[in-house]
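**Student:** Taken in sequence, the protein lines are chains A and B. Just so we're aligned: the first sequence equals residues 213 to 316 in my numbering. Just so we're aligned: the second sequence equals residues 213 to 316 in my numbering.
Don't read these hints as lab results, they were simulated from the structure. Where hints are given, some of them may not hold.
[As the list claims (entries may be wrong)] Once the Cα atoms are required to be at most 30 Å apart in a straight line, the calculated DSSO-like pairs of lysine-lysine come out as:
no.: 1; chain 1: A; residue 1: Lys247; chain 2: B; residue 2: Lys287
no.: 2; chain 1: B; residue 1: Lys314; chain 2: A; residue 2: Lys217
no.: 3; chain 1: A; residue 1: Lys287; chain 2: B; residue 2: Lys217
no.: 4; chain 1: B; residue 1: Lys217; chain 2: A; residue 2: Lys314
no.: 5; chain 1: B; residue 1: Lys287; chain 2: B; residue 2: Lys216
no.: 6; chain 1: A; residue 1: Lys248; chain 2: B; residue 2: Lys251
no.: 7; chain 1: A; residue 1: Lys287; chain 2: B; residue 2: Lys287
The structure presented is a predicted model; accordingly, all values stated were derived computationally and were not measured.
Spelled out, the chains give:
Protein chains: 2
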Amino acid sequence: MIYKKHIFICTNQRPEGARVSCGEEHGSALTAEFKKLMKEKGLTVGMRAQRTGCCELCEYGPIVVVYPEGVFYGKVQLSDVNEIISEHLQNDRPVDRLLIPKLS
Amino acid sequence: MIYKKHIFICTNQRPEGARVSCGEEHGSALTAEFKKLMKEKGLTVGMRAQRTGCCELCEYGPIVVVYPEGVFYGKVQLSDVNEIISEHLQNDRPVDRLLIPKLS
Chain A
213 MIYKKHIFIC TNQRPEGARV SCGEEHGSAL TAEFKKLMKE KGLTVGMRAQ RTGCCELCEY
273 GPIVVVYPEG VFYGKVQLSD VNEIISEHLQ NDRPVDRLLI PKLS
Chain B
213 MIYKKHIFIC TNQRPEGARV SCGEEHGSAL TAEFKKLMKE KGLTVGMRAQ RTGCCELCEY
273 GPIVVVYPEG VFYGKVQLSD VNEIISEHLQ NDRPVDRLLI PKLS
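Assemble the whole structure, with the sequences as input and the hints as a guide.
**Tutor:** Written out as structure tokens, the structure is:
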């Protein structure tokens, strides 16, 4: 296992008028925020955040998934990224308030 | 953990002339092949294959990652997909010949 924490951020963009989607713009901004803060905190070895496609949990989007533990976060905003990093990535304490209810 | 097997297939395309990349066309074809064969084999509940961005293992591309176990496959061709599904996804036997050497 190359990554101790591997973070996947949905950037899927559905067409206008389709059901809700995580969104390319929002997903890309989240990915950039993860990368920026992880770099600032020195979390560049053994951890990686990257964009991904649809996780089929669109109604809870924007979605962030952390493996290997398989924790699924929903409705993630830019302001949540620092907490996910400091609590979950650095201290192995998933952020309860962002967990997708039906998966908890 | 929503997925018993969550398969991420790199579709990252670098510009012409840049270092090797997994490639959007090849990655998308791999993703389609996984989806098609998994559907045919009835593996649509608890498993999901989807595209993802760069895993930073470009020299071993095209890359396929299977979580939660964190198995990284390299140089994956369309003809390898059936074996990954039947051996790894269905029988929990990772396909040794496709494992990325430095990560085994």
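**Student:** Against each hint, give a clear statement of whether it holds in the structure.
**Tutor:** Verification of the supplied hints:
Distance hint between Lys247(A) and Lys287(B) is fulfilled; the C-alpha atoms sit about 27 Å from each other, no more than 30 Å. Straight-line distance between C-alpha atoms of Lys314(B) and Lys217(A) comes to about 18 Å, which keeps the hinted pair within the 30 Å bound. Distance restraint check for Lys287(A) and Lys217(B): the Cα-Cα separation of roughly 23 Å lies within the 30 Å cut-off, and the hinted pair is therefore satisfied. Distance hint between Lys217(B) and Lys314(A) is fulfilled; the C-alpha atoms sit about 18 Å from each other, no more than 30 Å.
Between Lys287(B) and Lys216(B) the CA atoms are separated by roughly 24 Å; this keeps the pair inside 30 Å, and the hint holds. This hinted pair does not check out: Lys248(A) and Lys251(B) have alpha carbons roughly 38 Å apart, beyond 30 Å. Distance restraint check for Lys287(A) and Lys287(B): the Cα-Cα separation of roughly 35 Å exceeds the 30 Å cut-off, and the hinted pair is therefore not satisfied.
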